[in-house]
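Colleague: Okay, here's what each chain looks like letter by letter:
2 protein chains.
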Amino acid sequence: MKELTLFLEPGSKRKLYEQIYDYMVTEIRTGRLLVGERLPSTRSLAEFLSISRSTVDLAYDQLQAEGYIEARPYRGYFVCHVEGLVRIEPEKEWEAQPEPAPREQFQIDYSPNGVDMSQFPFDTWRRITRNTLNDDRLELFSPGQPQGDYSLRSTIARYLHSARGVLCEPSQIIIGAGNDYLLMLLRYIIGEGRSAAMENPTYQRAYRLFSAMGFRMCMVGMDAQGMRIDELEASGADLAYVMPSHQYPTGVIMPIGRRHELLRWAEAKEGRYLIEDDYDGEFRYRGKPIPSMQASDRSGRVIYIGTFSKAIAPAIRISYMVLPEPLMERFHSQCGFLSSTVSRIDQATLNEFIRDGYFERYLNKMRKYYRQKHDLMLSVIRRWAPDFTVSGAHAGMHLLVTANHGLSASEMKLRAAAMGIRVYTLKELTIREERLGLPPHLAADRTVVLGFGGLKIDELRAGLRILRSCWRYA
Amino acid sequence: MKELTLFLEPGSKRKLYEQIYDYMVTEIRTGRLLVGERLPSTRSLAEFLSISRSTVDLAYDQLQAEGYIEARPYRGYFVCHVEGLVRIEPEKEWEAQPEPAPREQFQIDYSPNGVDMSQFPFDTWRRITRNTLNDDRLELFSPGQPQGDYSLRSTIARYLHSARGVLCEPSQIIIGAGNDYLLMLLRYIIGEGRSAAMENPTYQRAYRLFSAMGFRMCMVGMDAQGMRIDELEASGADLAYVMPSHQYPTGVIMPIGRRHELLRWAEAKEGRYLIEDDYDGEFRYRGKPIPSMQASDRSGRVIYIGTFSKAIAPAIRISYMVLPEPLMERFHSQCGFLSSTVSRIDQATLNEFIRDGYFERYLNKMRKYYRQKHDLMLSVIRRWAPDFTVSGAHAGMHLLVTANHGLSASEMKLRAAAMGIRVYTLKELTIREERLGLPPHLAADRTVVLGFGGLKIDELRAGLRILRSCWRYA
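Those protein sequences? They're chains A and B, same order as listed.
The numbering of the first sequence is this note's numbering, which starts it at 1 and goes up by one.
The numbering of the second sequence is this note's numbering, which starts it at 1 and goes up by one.
I should point out that these hints are in silico values taken from the structure, not numbers from a laboratory.
Mixed in with the good hints there might be a few duds.
Covered stretches of chain B, as calculated for chain A (at least 3 residues, CB under 8 Å) [unchecked claim]:
1) 39 to 53
2) 209 to 217
3) 341 to 353
4) 361 to 369
Even glycine gets a Cβ: it sits at the ideal position worked out from N, Cα and C.
Excised from the complex, chain A in its bound form (with noise of 0.2 Å):
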């Protein structure tokens, strides 16, 4: 036997047959054990070792299997021809350097984007996981249809028509990861050379990817109820994306008789569609809840888009998109061939957590939560009056304060800066190159916007506090 320099510890976490196979693939990879040399056979080395002939045994197994070396029968194992193997180095030197992560400033952020996920069911979420990845699942770890898995959709289906009055089948949802990509989809299916109305300020997100994917834009004005009709007709456009729930950033509420409007607007003219983006319907905390637009289109028309980002985290990656009987052709021929962009594993996991009653009983806490978040705040904001008016209110994560004693709002940022506090003023959430439309009530040189999602009771509290004091004064 070739003299062997292995010398095993056997109070090491290592097991005792890793060792082996550890010390095999260092010899083999640095050229001790040549291509064609014939390794010890297992008795003598587990005789030189000391150890079990089956400890030899697993680590030969392991190394077989992995093709440093091949059994030859009545001759023993030889090492393989292994310059094709892959290996992974260890961490290299950027390893020490990360990007840098913007440096937290700011002790309070009211950010419109927070999300609360102090009360998510992370032990459901982890035992609906581990029991999706069970071995007799293997169908997961295989490709899905494109449109997503049929159970989820077929699961959000019902969701939607219990919670947003959506009427739709499992076949004309398309599940996606994330928005964004679901409105590239959306780029391919509804055509090219399209003409895209949207408010200012909307989402941002939006506006850049339309603007990207080569829609013209037509800026179109908004009164208290939405998105102007008139100015509307006016733009030439043929898409109209809106959020008639609860409008970002300006907290519009789109009463029924707007959507209307809205629904006959792309009822006139063929190829018309409205974009209803409805990422946070599921929160209104005073009244009858309003369904979506799309329960009330009969002509096909409203293209739905719905997320669980919000809902549930940001970190899933799933969103989903409700499109008309018509558009569904177009899916399949102009994007049926394109894979599903969420795993299958994940659409699983959110299936059982729908199916199971964990979504419905975690969305209604939630709610609860960010009512109590939202009516603190607009309680203590409305005792600003007359110096301060509050607006926006009765849904979703954020309101809107506009000052009325002279104060400007990249004023009132300034200050709220100064003590560590992050306010977001109206103007930086706008489309800077598009003109302004906002409904008359909301003055932008005075509004601010107070998210109230991701902060805790007690620091929107304490915020507000300081706000109110270094905002006291004009």
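We have chain A already, so just place chain B on it with the hints.
Modeller: Same frame as chain A, but now just chain B:
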């Protein structure tokens, strides 16, 4: 106390407090308990039901947490205004009619897209996922970096360097949910009005996506070394999409000389880029592995794309794109606002799977498995000479078989189908609407493609035996 019709079932699977909870929810939803109505006190209800008061407390806490009831100090529990509560209805009729699955009519399917999942370390993947979901990693449920998490990008950079010779920093890597999505992003990064050179046959999905994105398509012929440079020059293209490690479906491996010619083509004019799709670069069975073309790129002209769908599992929707430095600026300005399409949980799981060495082991094991299948196929089909010639060997998961005794590919397909075996004609993998540009050794009308990735050794052997006998005579 109002009359209660609540009867507990002590032997039920539902816990006692859940039974109380269920009962109250039903009473509230059906309007038998009205808004503002007072619930029985916890003490009186516990006495009435002869159970412990803490059980009732638990039920009421749950009801309160979900917004059904509220506690008023010194007064008791009252039903809330619950019209807005989300409620997901029980399953509807459509659940009974799932979409018809494509009927499995072949016993043996030599699909070129098959992947062998039999060796996948499910237990390890499960364990890592479970650890990933630990409570102390709450940050995974918050939004991550648009490019993907730094730690995973850093791990991928190391892997690509070791396994494929790719030279890049983590800052040049973009992680996305599948190649399709990354190609969609690329369209926004490199801008519109592009002309893309492709071979025919090539990946049909990439072709269709490029067409849908509005690229002018330039079909370029192949010789035995891959894409022809003279035709590429003449085409006027400013992008060339190639698979140098193993062209799909012709199986051509591009030698180093042709790679350098392609690089020189790209360097010759500003704005030219090569898209290197390294879809199965990990699987090469003979000889020294050829590094990626990106490894030879000195002037930032190669856009490198790879995926874990082949090397791990199709359901793992994680691909990556390595951009040359100058294009990163374009990425940040054009796509930096988009969220990542891959959940951070999946990113963290994959990162640990690679970092802890499981991927390396799995890859080496799978290469051995696939090589066994490849070697079997090759040795059997070679014995069919001179009637048949085999090509495209020594890499990937498919081979090409050309008939020399007068049998047509469509006849081969028909005869195989009659025996329950599915094979693919080279023609059906081509882009129909474009002219063919095959290397001279492949006769389109007499060549079929046999994938072996997803079939077991026994199936491969049995299938070949049948094919041999039914293809024996022309």
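Colleague: If a hint holds in the structure, say so; if it does not, say that too.
Modeller: Do the hints match the structure? See the list:
no., hint, result
1, 39 to 53, "violated (count 0)"
2, 209 to 217, "holds (count 3)"
3, 341 to 353, "holds (count 6)"
4, 361 to 369, "holds (count 6)"
Of the numbered hints given earlier, the model fails hint 1 alone.
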